[in-house]
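Chains as they are written, first to last, in UniProt numbering: chain A, 1 to 499; chain B, 1 to 421.
Accuracy of the hints is not assured; some may be wrong.
To be verified - Using 30 Å as the maximum straight-line C-alpha spacing, the simulated DSBU-like pairs for lysine-lysine come out as follows: (1) K74(A) to K313(A); (2) K294(A) to K304(B); (3) K294(A) to K89(A); (4) K89(A) to K325(B); (5) K261(A) to K251(A); (6) K294(A) to K325(B); (7) K412(A) to K479(A); (8) K241(A) to K74(A); (9) K321(B) to K334(B); (10) K321(B) to K89(A); (11) K294(A) to K241(A); (12) K89(A) to K334(B); (13) K313(A) to K89(A); (14) K261(A) to K294(A); (15) K241(A) to K261(A); (16) K304(B) to K321(B); (17) K479(A) to K409(A); (18) K325(B) to K304(B); (19) K321(B) to K294(A); (20) K304(B) to K89(A); (21) K251(A) to K294(A).
In short, the hints are calculated from the structure, not lab data.
Remember, predicted model here, so these are calculated numbers, not experimental data.
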Amino acid sequence: MTARTVQRGEDDLVTVIGLEVHVQLETATKIFCGCPTEPADEPNENVCPVCLGLPGALPVLNEGAVESAVRIGKAIDATIPEETRFHRKNYYYPDLPKNFQITQYDEPICADGELEITVEGDRRTVTIERAHLEEDPGSLQHVGGGGGIDSAEYTLVDYNRAGVPLMEIVTAPDFRSPAEVRAFLAELTEVLEYLGVFDAERDGSLRVDANLSMIPGEEIEGDAREIGTDALEAANRTEVKNISSHRGAEKALAYEETRQKNAIERGRAIEQETRHWDESRGITVSMRSKEEEKDYRYFEEADLPPLRVADWKEEISIPELPSARRERFQGEYGLSEEAASKLTSRKEVADFYEDVAREYDPDLAATWVADELLGELNYRGTEITAVEDRLAEVRRLIALVADEEITAKNAKEVVLRGMLDDGDDPETIVSREDLGKTDEGEVQRAVEEAIEDNPEAVADVEGGDDGAINFLVGQVMGKTGGSADPGEVNRLLRAEIEG
Amino acid sequence: MSDAFITEERIEGRDEGPLAGRTVAVKDNISTAGVRTTCGSRMLAEYVPPYDATVVSRLKEAGATVVGKTNMDEFGMGSTTETSHFGPTENPVAPGRVPGGSSGGSAAAVAAGEADLALGSDTGGSVRCPAAFCGVVGIKPTYGLVSRYGLVAYANSLEQIGPFGETVADAAALLDVIAGSDDRDATTRTEGDDSSYADAATGDVEGLTIGVPTELFEGADEGVVETTRAALGELEDRGAETREVSLPSIEHAVEAYYVIATSEASSNLARFDGVRYGHSAEAEGNWNEAFGRTREEGFGEEVKRRILLGTYALSAGYHDKYYAKAQDARAWVKQDFDSALEEADVLASPTMPVPPFELGESLDDPLQMYLADANTVPVNLADLPAISVPAGETDGLPVGLQLIGPAFGERRLIRAASALA
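With the hints as extra help, turn the sequences into a complete structure.
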């Protein structure tokens with residue numbers, strides 16, 4: 001780890017943050033039953049005896065969720081045990097159909113992992129203590145009255161989400177600023193999307209709980225990155241809930257950091273409590289003050305036998321991850337760090353770039369993929385996954401530019417925009433708008449190539465063999481896709497050979 | 001209506017199949033689509049499941065006719081069928097006495113001829129106890145042999161659905177229908193997939209070694225011991241051999257069982273909150289109040305007692321002292337059975353250490369009731385199969401002989417027990 005020492009004075013407070021990140025795994029069906037995970041039109045539509053917790057129903061583990069978890073474990077270089085098992089976390093809440101949650105406790109599927117992040121040019125490693133599988137509860141809708149959890153007239157429950165597979169990723173208290181948290185979340189979600197296990201666009205797919213405390217500078221010996229457990233345990237921390245985005249995390253924690261700092265500077269103690277991030281007001285508010293130690297009465301879920309995951313580990317492979325790909329792009333294609341970052345932030349973009357760069361000039365490919373294509377998509381508020389079926393056409397357009405068939409300006413301003421706005425293919429637009437550099441030039445080039453490639457036939461023509469000229473005409477016709485006039489080709493060939 | 005049933009409603013199966021023309025009574029904690037499934041509780045008095053338990057689907061497929069849902073101790077918690085919200089069931093062969101429990105209605109229905117066969121569930125003896133008290137045959141299968149999908153859980157690591165019949169061959173034929181793996185129950189195993197248990201009811205015990213654990217005879221009623229020994233003598237006359245074996249850890253079994261069973265129950269029964277189904281109290285106010293009132297009204301005393309015990313045993317600070325220790329004891333009991341079954345093909349004991357209680361006799365003394373399970377609960381702790389077969393009578397009251405076998409040794413048990421019934 002190459003971490004920069006965090007600067008501090010004797011009286012300074014050092015911010016310490018740890019995260020519990022819940023991500024929704026992209027599986028077709030729920031974690032313990034066959035109900036779809038797709039959002040439903042109506043409440044309580046994607047439900048069955050299992051996810052409703054009807055008496056007698058039993059959970060059966062979705063192997064897709066396990067596979068996703070193993071992918072994540074490999075990506076964060078975690079220990080995946082020989083065997084993993086599930087526990088019940090017992091608590092009563094109306095959104096929890098069984099009044100216990102099936103989750104993992106002391107035998108999680110992933111432990112002791114890490115993820116490298118870059119903050120302001122510094123690389124640093126965040127320790128991931130554990131990552132485990134669990135089921136999502138349902139959702140509550142508070143109706144009438146003040147509409148709040150305490151003020152509503154009544155509350156409706158929707159179990160469509162109940163049983164959606166989640167991975168809870170728990171970090172060590174390794175963050176020293178809200179900006180680091182944001183960088184971590186960006187890197188994490190990038191990795192998860194690369195693995196194909198997560199969709200950042202999906203509503204509610206990311207939920208973050210953050211623990212924040214302020215440690216007095218004098219209690220820290222040496223580097224503030226290495227704070228002893230005593231100092232950590234001595235400080236009261238607040239748990240901030242209801243964070244659902246990278247930016248929201250940074251804002252919520254910056255707010256909480258300032259709030260705690262102000263309180264401490266005014267000589268007030270920080271209460272150990274749970275606080276709710278109110279996104280619209282931009283503040284955290286106290287939810288539960290000085291809550292009693294929660295007792296979830298964890299014990300083994302006997303309905304799910306221990307799962308041997310050792311074999312899965314061998315069988316499941318993961319793609320090259322964004323950080324590795326970023327470095328490779330810089331070396332292999334000579335890209336700047338900025339261009340490499342832009343091109344690797346999504347796997348689909350990076351895959352497309354490589355596809356183009358292998359055949360054409362990597363710089364031209366970078367400009368066309370990172371700037372022109374992503375720029376136009378961004379302007380239209382869409383992204384590469386929405387035009388997956390058009391990428392072959394974009395590739396042909398880039399080929400036209402690379403082969404100097406059309407100008408870069410026309411390619412971008414007329415053809416690409418026309419393709420995206422009207423759905424036409426590039427050739428149609430080129431010919432409709434008459435953008436092709438002269439046909440004559442193309443035919444002439446084909447004639448020259450045919451002569452160069454076929455010296456024997458040329459010699460035969462020179463020797464007076466008329467059959468050989470027909471062979472050369474056929475070659476040119478092939479190269480021009482049959483669009484040239486054979487008589488004209490014949491004339492050009494003779495002019496070239498005999499002239 | 002017979003007091004063996006909570007709901008008498010016919011569910012017809014296919015016209016053909018191994019159980020065509022036969023009637024089956026089903027314990028009321030086994031889900032039947034469209035027919036209420038109460039678990040003997042006010043909590044579920046009006047609950048109608050939208051789906052069939054796997055065993056019910058298999059009954060229909062086998063051509064059986066379900067004749068009704070039988071009475072039981074509330075959520076399976078009891079050994080007398082008296083904790084039922086719907087009132088007690090009288091023992092049809094011992095008037096004035098209980099039929100045993102918790103599957104008392106199922107055993108009574110078979111004993112009274114109101115059904116050819118019946119299904120019960122056995123968490124700590126709930127099939128074997130009423131089989132013994134009503135003078136019929138009851139089988140507790142190896143854990144994982146029969147799907148629990150649709151069985152309303154009391155203690156899910158311990159229980160299995162099991163068959164009742166007047167004869168061992170009858171019960172075995174029903175076991176053939178319900179045994180086998182199920183995609184909906186991850187704890188099921190494939191050992192019962194191509195079973196032929198009924199074929200095993202040959203009564204041939206020539207050369208069979210029967211281990212007699214001394215601990216399971218100690219403290220039992222004299223008449224019960226005599227009757228049991230007489231039945232063993234009959235097996236010896238037919239060529240079996242008996243030898244004493246020891247199960248030293250068994251003294252911890254009842255304690256371990258009640259800690260584990262109540263712990264699991266406290267979690268399994270948490271879902272009854274009146275939100276989605278079941279009894280819902282008229283309560284103004286917040287969730288906690290409504291939830292508390294619903295459970296106060298919906299559950300009976302024994303159920304509340306066990307939920308409280310289990311919640312306590314799992315609580316921080318007590319978990320290691322009770323729950324974790326009980327798991328240790330469970331492992332010791334398993335080891336003891338493994339050793340004993342290396343010395344003998346099957347083990348034998350009185351199913352119940354006492355003859356059937358008089359109605360009302362044990363209601364005020366839960367501890368007495370818990371101790372009556374001493375011979376049956378160890379088998380559940382060890383996940384093993386066992387059968388209770390009529391051994392005879394003492395003072396005109398039925399006595400059951402329990403035979404215990406190795407995991408998935410049902411055929412061996414059926415062969416041995418069929419020498420008696």
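Evaluation of the provided hints:
The straight-line distance between the Cα atoms of K74(A) and K313(A) is roughly 8 Å, inside the 30 Å bound, and the hint therefore holds. For the proposed pair K294(A) and K304(B), the alpha carbon gap of about 22 Å is at most 30 Å, so the pair holds. A distance of roughly 11 Å separates the Cα atoms of K294(A) and K89(A); the hinted pair therefore holds under the 30 Å criterion. Of the pairs offered as hints, the one joining K89(A) and K325(B) holds, with about 20 Å between alpha carbons and a cut-off of 30 Å not exceeded.
Between the alpha carbons of K261(A) and K251(A) the distance comes to roughly 15 Å, so the proposed pair stays at or under 30 Å and holds. This hinted pair checks out: K294(A) and K325(B) have alpha carbons roughly 23 Å apart, not beyond 30 Å. Distance check on the hinted pair: K412(A) and K479(A) sit about 26 Å apart at the alpha-carbon level, within 30 Å; holds. Of the pairs offered as hints, the one joining K241(A) and K74(A) holds, with about 28 Å between alpha carbons and a cut-off of 30 Å not exceeded.
Between K321(B) and K334(B) the alpha-carbon distance is near 20 Å, which keeps this suggested pair within the 30 Å criterion. Under the criterion of a C-alpha separation no larger than 30 Å, the hint pairing K321(B) with K89(A) is consistent with the structure, at around 19 Å. Proximity of K294(A) to K241(A) is assessed by CA-CA distance (about 16 Å); at most 30 Å being required, the pair is judged to hold. For the proposed pair K89(A) and K334(B), the alpha carbon gap of about 27 Å is at most 30 Å, so the pair holds.
With a CA separation close to 27 Å, the supplied pair K313(A) and K89(A) stays within the 30 Å bound. For the hint linking K261(A) to K294(A), the alpha-carbon distance of about 27 Å falls within 30 Å, and the restraint holds. Our distance criterion of 30 Å between C-alpha atoms is met by K241(A) and K261(A), whose separation comes to about 19 Å. Of the supplied pair hints, the one linking K304(B) and K321(B) holds, its CA atoms being roughly 22 Å apart against a limit of 30 Å.
The hinted pair formed by K479(A) and K409(A) meets the criterion: a straight-line CA distance of about 26 Å does not exceed 30 Å. Straight-line distance between C-alpha atoms of K325(B) and K304(B) comes to about 23 Å, which keeps the hinted pair within the 30 Å bound. Note on K321(B) and K294(A): the hinted pairing holds, with a Cα-Cα distance of about 19 Å set against a maximum of 30 Å. Distance hint between K304(B) and K89(A) is fulfilled; the C-alpha atoms sit about 20 Å from each other, no more than 30 Å.
Proposed proximity of K251(A) and K294(A) is supported: the alpha carbons are some 28 Å apart, at most 30 Å.
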